[in-house]
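Chains as they are written, first to last, in this note's numbering: chain B, 37 to 387; chain C, 51 to 475.
Do not rely on the hints blindly, as some may be mistaken.
[As the list claims (entries may be wrong)] For lysine-lysine, the following DSS-like pairs were computed, each having C-alpha atoms within a straight-line distance of at most 27 angstroms:
(1) 387/B x 161/C
(2) 103/B x 85/B
(3) 205/B x 78/C
(4) 205/B x 89/B
(5) 103/B x 161/C
[Claimed, not checked] Negatives, chain C to chain B, calculated, CB over 12 angstroms:
(6) 114
(7) 132
(8) 164
(9) 175
(10) 185
(11) 253
(12) 320
(13) 380
(14) 383
These aren't lab readings, by the way, just hints derived from the structure by calculation.
Virtual Cβ for every residue (Gly too), placed ideally from N, Cα, C.
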Amino acid sequence: MKALKRFGAALALCTAAVPAMADQFTAVSFGGAYGAAQQKHMLDPYMEKTGHKILFENYSGGIAEIKAQVESGNILWDVVDIEVIDLERACSEGLLEVFPHDTLPPGDDGVAASEDFSPQALSNECGVGNIVWTVLYAYSSDTIKGGQPSTINDFFNTEQFPGKRALRKRPQVNMEWALIADGVPKDQVYDRLATAEGQQQAFAKLDSIKDDLVWFDSWSQAPQLLNDGGAVMVQSANGRIFDAIQSDKKPFEMVWDGHIYDLDVWAIVKGTKHKALAEDFIRFATSSKPESGMQEVAYGPTRQSSYAYVDPAIIPKLPSAHLEEGLQASGEFWADYGESLGEKFNEWLLK
Amino acid sequence: MSQSDLSMNNNMEVRSVLTAEEMAQSRKMQRRRKVIAFAFVTPLLLFVLIAFIAPIGTMLYRSVYHPTVAQLIPDTLDALSGWDETTDIRPDDAVLNRFSVELKQLAMTRKSGKLGEEINRAMPGTSSVIKSTARKFKKLDTELLRNEGATRLLASKPQWKEVEIWRAMKASGAVFTSSSYLTALDLDRNAAGEIVARDTQVYIQLYLKSLKIALMITFLTAVIGFPLSYYLATASPKTANTLMVFVLLPFWTSLLVRTTSWIALLQTNGVVNTFLKAIHVITDPIEMLYTQSATVIAMTHILLPFMILPLYSVMKGIDPSYLRAAMSLGAKPIPAFIRIYLPMTVPGLSAGALLVFIISIGYYITPALVGGTDGQMISNIIAFHMQSSNNWELAAALGSLLLALILILYWVYDRLVGVSNIKLG
């Protein structure tokens, strides 16, 4: 191992000395604490190891920018971190390169990649799962005293827990939560949401707390709303709340009941000039050690062998420790109903 | 001889003084002058063409031209053209066979998702049907599909048996379509092809709300801007100059900075609420940020200079002796103001109002940042369809309707006030 490291360093020196061999490409992710963790554990070590230069940019998700680049033939991004919800669409529309899963390296413990990765991480031909993250709600123990909210029902219970609730302004997750709070079993949520009655039921449930709802647009606003007192309960990506607790010592509590978990995936934009390099980077970034670095923002690794590097104290705070309480977001459902429910959601908001 | 005959005679004399050569030269000179004048405006013309007319033209075109589906499944659409979609019988198996072959080809070139997305727009829930069937067909032989594609199709997903999916496919296949405009007006076509109201009513409401917000902002800027401009116009030059700096200062500050400072002011534990609490006016903070009033307040502040500047320059040009004359002839101050001064400020007022109104109706960034839910305007939805839902046709239709709305309002305005009355200074 040591010899390998030394060899890597020597190689890095060699490539650094010959600038013609060093290449540059662009990776894009979501920024914030998560982006910083990726920079530290995936990009920096890769640049050090290979001498290539990676430009790291931020975006707020979605496929519109990738689509614009591919359709105009002006590819600016090479590697993107994309949510599974969008991956399904982007891949089937031919916006991403197919990734050869059989070239993924085995885990550090020697287990083959196909065994080491969770099946969801490799379920799409266009990408490789990078983290497991989740949407849950959090409250501040400063503002809620007495009883502690512990279920999705409590989020909708404004009598016992008065105050504003903040949700991200989109139908995703909110519709699922409304049905779960209305008593629909988790495994039937998406079947029910596909029917007109199910959609009405979800909107009716959201209606019951409409006057107490505050809406936000980006995850970065979530911990801020909780901190400013803009809301007593806030929907958030778990990493943002974890980071606020960990780095800023905020008295926030996460509620895991009914959390909607999803994967983020590294994928390659179709038509990139640096395809081989991008594949090489993804192989590195999804190997055991770099993936485990995402524990800093409480996002879980997608391969078993990474857990060897995860601090045992963090494990209970990762989404992977709470899978039974949660529900996996359905990329397929939202590819089908995202647009029509988006319109209905806008109409409901305007009412 | 009458006067006109005389002048005509004179003219003929003048003309006859010039020789044919001189005439040609003068024409040449004039032509050259025209060419030079044209050369001077060419950069501007090119700029307007490239930055203004071409994008708007593309947008108008895109809102009706929609060739995606026709390019993806030309053969199926050709077969479907012989099928009557108003009946409740699905197309016959020959059509289904041809579609199966095309679907397989799409799957091989990874374009089935594109088709799925397009058909899904006409019939939600179809995207996964098309994609999963395409995945299955990818492994099947083309010759097999040519013969028994229909059977395979019907066996793969129950939706293929329904007539709706074929209707959706045929409707999406039209290259020139009004469907984006229908959606933008909350309308839809039913199975018989009649235009009916859609089950979701979003966009008309949004247009009305944008209009309401823009009118409210125009009114508020006029109410705030008028007394201030009057004061500026009548104050001593030194005071006026100092105050003018304060009017222009926000104008020079970045738009984002100004909007963000309103967030700091209006938020729940922000400056305004903290102050009101400190002086015991309120006990619980008022919800101000992420509301329609936040949009109105912030945009009124941002657009105020557009009202003040034309008003000020027009008021500056009004001779104060008119008002004095009116009063010395016995008019009371208020009627004198209303009947003498106010009509003279109309050119400035209408210029300011038009500027503020047209800028505010298509405003995007401020409502997006401080508007929350009920403070969103039509531009925010257009951006949503551009960036998130990827429905560029609908975005183009919504944008075109906004353009049409502004043009109509401008026309009405011209009728009522007269555009020639406008004066910017």
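* **Structure versus earlier hints - violations, ascending order** => 1, 2, 3, 4, 8, 9, 10, 11, 12
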